[in-house]
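Asks: Residues per chain, in single letters:
Protein chains: 2
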Amino acid sequence: MSLNLATLLRTSARRRPHAPAVALGPEQLDYGALDRAAQRFAGGLRRLGVARGAHVALLLPNVPEFTIAYFGCHLAGCPVVPINALSVADEVAYYLADSEARVLVAWEGLLPAAESGCARTPGCERLVVVRAPGAAGAGAALPDGALDFEALCAASAPEPEIPDTRADDTAVLLYTSGTTGRPKGAELTHVNLLYNADVVARLFEMDAGSVSLAVLPLFHSFGQTVMQNATLLAGGKLVLLPRFDAGAAFAAITAERVTLFAGVPTMYFALLHHPDADRYDLGTLRTCVSGGAPMPVEVMRTFDAKYGVNILEGYGLSETSPVAASNVPEKKKAGSIGVPLWGVELRLVDAAGQVIEAANVPGEIHIKGHNVMKGYYRRPDATAEAIRDGWFATGDVAVRDLDGYYFIVDRKKDMILRGGFNVYPREVEEVLYQHPAVLEAAVVGVPHESLGEEVKAVVALKPGASATVEELILHCKAHVAAYKYPRSVELRASLPKGPTGKILKRELR
Amino acid sequence: MSLNLATLLRTSARRRPHAPAVALGPEQLDYGALDRAAQRFAGGLRRLGVARGAHVALLLPNVPEFTIAYFGCHLAGCPVVPINALSVADEVAYYLADSEARVLVAWEGLLPAAESGCARTPGCERLVVVRAPGAAGAGAALPDGALDFEALCAASAPEPEIPDTRADDTAVLLYTSGTTGRPKGAELTHVNLLYNADVVARLFEMDAGSVSLAVLPLFHSFGQTVMQNATLLAGGKLVLLPRFDAGAAFAAITAERVTLFAGVPTMYFALLHHPDADRYDLGTLRTCVSGGAPMPVEVMRTFDAKYGVNILEGYGLSETSPVAASNVPEKKKAGSIGVPLWGVELRLVDAAGQVIEAANVPGEIHIKGHNVMKGYYRRPDATAEAIRDGWFATGDVAVRDLDGYYFIVDRKKDMILRGGFNVYPREVEEVLYQHPAVLEAAVVGVPHESLGEEVKAVVALKPGASATVEELILHCKAHVAAYKYPRSVELRASLPKGPTGKILKRELR
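For the record, the sequence lines run as chains V and U.
1 is the number of the first residue of the first sequence in the numbering used here; add one for each residue after it.
1 is the number of the first residue of the second sequence in the numbering used here; add one for each residue after it.
This is chain V alone, in the form it adopts within the complex:
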């Protein structure tokens, strides 16, 4: 009854050892080489005395070593703790301590945060550095006790055997973005991640001819499953971009003949509004996927029409491996997150905890299925609160239409309570996006003496466009009920975003 995530790489490596697996610029590894590299890193961990079951943290951008170390850890039977590559030293130390990681594999360009984070965490016994020629501080002597990733792999015997892990064993500790409280490590099991990648690969019709452009960070659940794991499972080619840039993305799609692009809505905006947006032919794209945040309907329609593609919006969370719902190629509905993924159940629950059977009545989304995490690492109380009878409570509010398609109304915790009325920011944001001058918009609640909360919008305008605050308020007033329109609008050059490009509302409140 062994089940191990490394099976997806091994099977593709057995079937097509010479097919391209992962590429970063001119650097390319075929499946055989990728699998062997992972085996060597597994051997390196054994050589360092890292026992099976010990946690290994990765502080890496989208470089091939992320994938090598990720599968090497699985071959060694060591759960992986991917850390946001934008983390500062304090955060790195927090993740290392909370996850009880014994080893940190870090990119040379992130060495200051890595070294400091590891040094102040007694349990972090080893720092392994992936050299980054050209990065700031590259080529310097490594800190005392630190090891060179490449040298470690070269000196170690490969560990080809897939370990006898169980389906329900933890494979990855994924820290949730933590919009409230301190980040918690979602324990995702081998079956969670393997099955989710498998179902996603089928849904998006991926095969050995697929070329996926990974602009999403691999340390995040969306990029990890939908890009890395699903692509390698299908035997396709994973093209890495270390950080998103619209021009570089356009160039890579053309040069690599990319067939699958997955991004968050802000990436689609950025592509649409790039000065060279009209120059590129994206004719090789077969599938575009949007997730991570609600996709404004206007943006989707414009992108689809301009490039002749069909963006499929999906929905998921780190705690659900992540994909829980998606539109399907045969039928999509704009503004909807689609239908439950194969093997996943969704239900809507009202404030009293009753399951809502009727269509078009908002309720909190609960998720059950192969993709729901085991729990939050060392947080039995938080786990018990989040998962009851197998149902994971997402905190997101949605309605379901008569066809069974789900539409996110809003985050439960983003909901604004204004004088006894519920205002769902998403609805007002959609109205703002319909205004021709609006590039990005976020609606939040601000404290108000008599109403409790008042509605406020924060808006970034398109380059060269102009609109006054009054005009935007009137625009909203014309399209939503009186209790919903923003009484104030703040204009900003851009909105604060998380690592995937999701707008961070907590920083706007």
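Bear in mind the hints are in silico, worked out from the structure with no lab data behind them.
Just to be clear, a hint being listed does not mean it is correct.
[Said to hold, decoys possible] Facing chain V, a subset of chain U residues (Cβ under 8 Å, in silico): (1) Thr7; (2) Arg166; (3) Trp342; (4) Gly343; (5) Glu345; (6) Lys368; (7) His370.
Every residue gets a Cβ at the ideal spot worked out from N, C-alpha and C, and that includes glycine.
Chain U: place on chain V using the hints.
Replies: Coordinates of chain U only, in the frame set by chain V:
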């Protein structure tokens, strides 16, 4: 992290409630009705006070109630113990006692064995009878304390909730055919069975348009996964035949426009040699699968040529859910069991326990992957002997060619040791099948004073064909080494077979 086999039925029921799911003659249930029936049986178990985790045995032929009870048990969180429908009372009692089943669901036509088996097993608290109009003894009063399946379901509230079982929880206790020793219950988990059905459905390109003819018994692993579970997962239609009969199979393939046929070699023989074999057009068949026993190359070639199909031979065991290897539609090799299934690893091991890397060297097949059972129920010693570091030792001997295709040489325990030489019966049987008069052949070892064992063949001739013992011996002598050919041949009208049609060699020795 819930994972439950009933998910496959639920997902298809949600997507196509009105599509046909299971049919027996004129009787037909659509997916919605099948799922509701399973929910009612789950409710019935609850009503009887059967706790989650309690074992429920099924003594049923291929009738829709098998599928209803099977998924009803999973919805109730009760592992299923499917019992060979040919069992006599002693055997039923053994299975019930060994599996600690609390409930027995039995077909009315099998009531004598069911009643007696249950009565003498103290742990078997309930007998639930599926009425079988037309069967022997049908319509009689039920034994004291026994319940009517249909009445129980009708009186019970449905249990729609899929229980929060884990991937590694036991879903089915499958008794292995027991060619040596007493039968043991292979504990197959939810992930074992769900993933194997999923991979098989993809391999055989099954979809909502598939129509599968289940002539294989559903109580056996081959019929259960490849027919029932894979078909329902894909959303296709499962056409049941309660027992195999070549004429009935031909008629059903034509009438139901069957796309997928799976059988054991003896079924393919029987079809080929049916007097009306030339009358039927099997043009709707897209996939034919053979497993359960080695498929003689001659039979496969003749069948493929006659009906314009492409039989794909596979390989598996009850302990491996069952499929571990198969030929693939893109490339098959006659006489080969194909390549490892997606997510499954095969290796060959020599008598000294060393892994064989070279091509064309025989070794025992070991299997690791999502499909390997948890263990034998209450048999820690037998489990520890069968599974080491996640590798299940099959007892079958094979070679691997340079393309990675596996060829079964023989069962380790069927191997004949004649005067210090190994004789693999399979090889000699293949030669016998090349003789135009031979319908079925089995080669076994018989005790011999000086050699230890001597080679003997048992042969059934085709109807109307004739061949002498001497002629058959000379035929073999002309094609195999002198130490291999049978010194005696016994002619019989037919060979003894197990429930799937596999020839039972133990009865020939």
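Asks: Give a verdict on every hint.
Replies: Verification of the supplied hints:
no.: 1; hint: Thr7; verdict: holds (5 Å)
no.: 2; hint: Arg166; verdict: holds (5 Å)
no.: 3; hint: Trp342; verdict: holds (6 Å)
no.: 4; hint: Gly343; verdict: holds (5 Å)
no.: 5; hint: Glu345; verdict: holds (7 Å)
no.: 6; hint: Lys368; verdict: holds (5 Å)
no.: 7; hint: His370; verdict: holds (5 Å)
Going through the hint list in order, the structure satisfies each hint without exception.
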